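Just so you know, the protein sequences line up as chains A and B, in that order. Here this note's numbering is used: position 75 in the first sequence is 75, and no number is missing along the way. Here this note's numbering is used: position 165 in the second sequence is 165, and no number is missing along the way.
No lab work stands behind these hints: they were computed from the structure. For clarity, every value in this text was computed on a predicted model and none was experimentally measured. A hint or two may mislead.
To be verified - Heads up, simulated PhoX-like pairs for lysine-lysine below, C-alpha to C-alpha not over 25 Å straight-line:
(1) B:K27 <-> B:K17
(2) A:K127 <-> A:K194
(3) B:K178 <-> A:K102
(4) A:K85 <-> A:K147
(5) A:K249 <-> A:K205
(6) A:K194 <-> A:K138
(7) A:K125 <-> A:K147
(8) A:K27 <-> A:K102
(9) A:K102 <-> A:K147
(10) A:K151 <-> B:K296
(11) A:K151 <-> B:K295
(12) B:K178 <-> B:K116
(13) A:K85 <-> A:K138
(14) B:K116 <-> A:K27
(15) B:K295 <-> A:K27
Each chain, written out:
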Amino acid sequence: MIFTEKRQGDFMSSVIETKDLNLWYGKHHALMDINMAVPKNQITALIGPSGCGKSTFLRTLNRMNDQIEGVRIEGEISLRGENIKNLDANVLRSRVGMVFQKANPFPMSIYDNIAYGPRILGVHKKKELDEIVETSLKQAAIWDECKDRLKTSALGMSGGQQQRLCIARALAVKPEVLLLDESTSALDPVSTSKIEDLLLELKKKYTIIMVTHNMQQAARIADRTAFFLLGELIEYDNTEKIFSHPADKRTEDYITGRFG
Amino acid sequence: MMDISGTNTSDAILTAKAGISAKRKAKIGALKGLMYFAAALTTVLLVGIIGYIFFRGVPHVTWNLLSTTPSLLTDNIGILPNILNTLYIIIIALVFALPIGVGTAVYLNEYATNKKLVRVIELATETLSGIPSIIYGLAGMLIFVQAMNMGTSILAGALTLAVMTLPIIIRTTQEALKTVPDSYREGALALGAGRWHMVRTVVLPSAMDGIVTGIILSIGRIVGESAALLYTAGMANEILTPLKSITPGNAGATLTVSLYMYAKERGQFDVAFAIAVILLIITFVINISAKLLGKKLKK
Ligand SMILES: Nc1ncnc2c1ncn2[C@@H]1O[C@H](COP(=O)(O)OP(=O)(O)OP(=O)(O)O)[C@@H](O)[C@H]1O
Ligand SMILES: [Mg+2]
Chain A
1 MIFTEKRQGD FMSSVIETKD LNLWYGKHHA LMDINMAVPK NQITALIGPS GCGKSTFLRT
61 LNRMNDQIEG VRIEGEISLR GENIKNLDAN VLRSRVGMVF QKANPFPMSI YDNIAYGPRI
121 LGVHKKKELD EIVETSLKQA AIWDECKDRL KTSALGMSGG QQQRLCIARA LAVKPEVLLL
181 DESTSALDPV STSKIEDLLL ELKKKYTIIM VTHNMQQAAR IADRTAFFLL GELIEYDNTE
241 KIFSHPADKR TEDYITGRFG
Chain B
1 MMDISGTNTS DAILTAKAGI SAKRKAKIGA LKGLMYFAAA LTTVLLVGII GYIFFRGVPH
61 VTWNLLSTTP SLLTDNIGIL PNILNTLYII IIALVFALPI GVGTAVYLNE YATNKKLVRV
121 IELATETLSG IPSIIYGLAG MLIFVQAMNM GTSILAGALT LAVMTLPIII RTTQEALKTV
181 PDSYREGALA LGAGRWHMVR TVVLPSAMDG IVTGIILSIG RIVGESAALL YTAGMANEIL
241 TPLKSITPGN AGATLTVSLY MYAKERGQFD VAFAIAVILL IITFVINISA KLLGKKLKK
């Protein structure tokens, strides 16, 4: 891992920090000594060849890997200075939201999808929920497309709409961090660019970490980019730096398409 | 290289293909004939049996039969008690089997981390569902009637059938839970849902059609059961109040058991056929409602 002079400066405003993070799936060592500070209100992209541990890393941040049998984690992850091990997993997940590769709206109405998270947190008054549903859908730039059909099934929406609905659903619990795992990889270019614009807008209020296989996408919208290889964080720096003067030969090989 | 046009070889291949396709056509023709025959035979048998039962039974399905109690003094024959008993047994058996069955399936599919234990329980339920019902009757008699002192009673019969239908409910629920995509579970957990909340709000609703199918299959099993009830619920033909039906010691015959009694012990085939007609209609209604409900819940 290559430290850059910028890292110290980011330290103060970082929302998530990992310290010597290691993860094993049984005997398979999937993450090795990851040290990373994710700055507030920025988009951080995770890139790297398939199987290098991007999803694994992302899922440790909201402890989704707790679900998987045989996972062992060492090291520390802190959210605003608090060790996430000491947080209730459910509370953590309402603070660190996640959007998956494939849109996964629940088989219920658009409204109930958005209200799902707030209801878990104990919001039940219709007026409050109405307001949350509207603002979340607006934030995800999909309000106009579905305001007249809030009570219809979310499964009737197009793929791109469903993914924006999932973003809205994640935003409804007002998370501090939003994790996206290749969330545009299954979408057409128009939907993808809509979501990219949306993320650029959202970063004003949220901290975003996204996994992407699309180099152009990382270059277009990410402020910071982290390059993973075989479970190691090889290089982590400002996106421009990574794409114009990568410090590590392996990063350069990857972004110029020489492997992976 | 020369053969790019392929004239020589392709001729041979074409004739070969033609030969094969002729053979295949003959084969398919024969298979089709066999299938039509089998289908026709099944239909004829089914229509024959049902037609015969209706022919013999329908004239004897009277309002008096449906609404009265049998009496040896007046020579009256009525099956109202049996209709009620059937209903009681369905309800009581499901009250026990449903929560336990669905709970077990949810535990196995959503909570259990010990794969071996899951396999063992699954094997046990599979085995249990294959056991002849008379053996459930025997076990029910030993456990509920005798050891637990319930006597020959609706309650003992219902509990026996609850045990008998448990594997059906567990298995159909489990199958239904397996069809719920993991992405729903992950989505719910990622929003901060606890496991039980996730199961209750996302998993169970998505599995509901399968669970309902299981319930209806169980009802069908209960309605059609006689062997397991002979020793446990008994053969009484008195009207029981709902309260009595759950009190130990109150025996009662269901429709199926009474059919057996009228046909076998008293030789009153007119009544037996009338009951058969009623059972057929009930079965028919159950199957149709299963289909309709399943479709409605899928939406
Ligand atoms: N549940 C699991 N059990 C065991 N090994 C796993 C599990 N999930 C992932 N792995 C392994 O961990 C490594 C990292 O996987 P991960 O899914 O994090 O990669 P990724 O960088 O997201 O890849 P992709 O770009 O294909 O999504 C891989 O070698 C993978 O096989
Ligand atoms: Mg991945």
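message: Can you confirm whether the C-alpha distance between A:K194 and A:K138 stays at or below 25 Å?
response: Holds, because 13 Å separates the two Cα atoms, which is no more than 25 Å.
task: Assess, step by step, whether the Cα of A:K85 is no farther than 25 Å from the Cα of A:K147, and give holds or violated.
output: violated (39 Å)
message: Please verify whether A:K125 and A:K147 have alpha carbons no more than 25 Å apart.
response: holds (19 Å)
query: Taken at face value, is the distance from the CA of A:K102 to the CA of A:K27 at most 25 Å?
result: violated (29 Å)
task: For the pair supplied as a hint, B:K178 and B:K116, confirm whether the alpha-carbon distance does not exceed 25 Å.
output: holds (18 Å)
message: Tell me if the straight-line CA distance from B:K295 to A:K27 falls inside 25 Å.
response: violated (46 Å)
message: Tell me if the straight-line CA distance from A:K151 to B:K295 falls inside 25 Å.
response: Judged against 25 Å, a Cα distance of about 20 Å means the pair holds.
task: Please work out if A:K85 and A:K138 have their alpha carbons no farther apart than 25 Å.
output: Violated: A:K85 and A:K138 sit about 33 Å apart, past 25 Å.
Holds or violated: B:K27 to B:K17, with C-alpha atoms at most 25 Å apart: holds (15 Å)
query: For the pair supplied as a hint, B:K116 and A:K27, is the alpha-carbon distance within the 25 Å limit?
result: It holds: about 21 Å lies between the C-alpha atoms, which stays within 25 Å.
message: Given the hinted pair A:K151 and B:K296, is their Cα-Cα distance within 25 Å?
response: holds (18 Å)
field: Restraint check for B:K178 with A:K102, where alpha carbons must lie at most 25 Å apart
entry: holds (19 Å)
When held up to the earlier numbered hints, the structure conflicts with 2, 4, 5, 8, 13 and 15 and fits the remainder.
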